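S.K.: Chains as they are written, first to last, in the working numbering: chain H, 1 to 282; chain L, 283 to 387.
Worth flagging that the hints you see were computed from the coordinates, not collected in a lab.
Any given hint could be a false lead.
[Unchecked claim] Result set (DSS-like, lysine-lysine): computed pairs, CA atoms no more than 25 Å apart in a straight line:
1. H:K121 with L:K378
2. L:K382 with H:K167
3. H:K121 with L:K382
[As the list claims (entries may be wrong)] Pulled from the structure, derived: some chain H residues nowhere near chain L, Cβ distances all over 10 Å:
4. P56
5. P139
6. K162
7. R172
As the structure is a prediction and not an experimental result, all values here were calculated from the model.
Note that the Cβ used here is the ideal one computed from N, Cα and C, for glycine as well.
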Amino acid sequence: MRKWISLVSAALALAFAAPPAIAADTPDPLADAKAFQKYFTTKFPKLKLEDFVNGPYSMNEDLYKQWQEKEQFPPYEFALEAGKEMFATPFRNGKTYGDCFPNQGIGIRQNYPYFDEKEGKVITLELALNRCREANGEPPFSYVKDEMASLTAYMAFTSRGKPFDIKIPDERRALEAYQKGKEYFYTRRGQLNFSCATCHVQEPGERIRAEVLAPALGIMNALPIYRSEWSGMGTTSRRLVTCNSQTRAVPINPQDEEYRDVEYYLSYMSNGLPISGPGARP
Amino acid sequence: MKNLTSNMMLIATLLISGATFARAASSEADFKAAYAAAEAANKEAAGLRNQWTTTAATLAAAKKSADSGDFDQAVTQSREAEALAKASVFQATSEKERWKDLEIR
């Protein structure tokens, strides 16, 4: 009996002697977001937190002035109008996009992407829109431009000013998706050996050829965007695909797991910053 | 003097024939082997989700050269494509840990 008591005491002593060590790789999204935002606010002390959603315009005075003028007649206006009309137009079965979303799809952009605990994967707004179409017997849209950009432009517009509110459920699969998104963001790829962070963490505000690089903080808040370089609108998917090809990496397919995860990670990093989409960029 | 001239002629002949031998034309079989090696390396990069656009472009150029019958150029381009694909595999492998060096903490 005494032997048993000794053994149990020893086991308890071992269990409580030191707190369980948290593995260095255990994701801590809240701490990450705090460090991420601090990095940018320290690097650009004159900017308010909400200014970061304006991308390169917040980094360069001349660009800021041009943007203010551009906003008088914003180049995304046609897409916005088209999106509004498409959103209200019923499918052939009489249902609408609004029937697929909470609050009829109005003012909900700030909650996307989210982690679907039933499916165990990240659901972006673009994916949800195409799923809505397919569930109602309609063919999916291209993920990179045109109709998808118009629809997401309208949905973003109805959320303007609302802070990103991305949730990461405290469960293994959600944390894994978050961690994979983080890994994708910092991983160098392509012949130029660039990661997303090379441009948008290390060099925001600097020029790469004629472009002023946007900070990673707030970069998702303005999407979708009209880019003068594209002469048209582009979605989050288009932005990610283009970033890959610019580094001479073969892009993966829009809405592949890696892209959804990195969108999840980056959106979470910008929690608390207002939605400003649709945006316009040089 | 006559001996010297003969020797020089002999050396020159050997040098020319050596150079010709070194630049022996590549065959279609050489191209096929080089191209297959490049494709295999690029497939490995695809498995790591890290192909480079330049590898694809160089493979396409090699095929085009082979189609036009220029197997020397086709082999050179295939070898270049293989080197690019191998570099992308190295990148993907080393980045499995190296990405952490860039992380904001």
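S.K.: Run every hint past the structure and note whether it holds.
M.R.: Results of checking the hints against the structure:
With a CA separation close to 22 Å, the supplied pair K121 of chain H and K378 of chain L stays within the 25 Å bound. Taken as a hint, the K382 of chain L and K167 of chain H pair is honoured in the structure, with Cα atoms around 24 Å apart against an allowance of 25 Å. With a CA separation close to 24 Å, the supplied pair K121 of chain H and K382 of chain L stays within the 25 Å bound. In this structure P56 of chain H is separated from chain L by more than 10 Å, as the shortest Cβ-Cβ distance comes to about 20 Å.
The beta carbon of P139 of chain H is kept farther than 10 Å from every beta carbon of chain L, the shortest such distance being approximately 28 Å. No beta-carbon of chain L comes within 10 Å of the beta-carbon of K162 of chain H; the shortest separation is about 25 Å. Every CB of chain L is more than 10 Å from the CB of R172 of chain H (nearest about 20 Å), matching its label as outside the interface.
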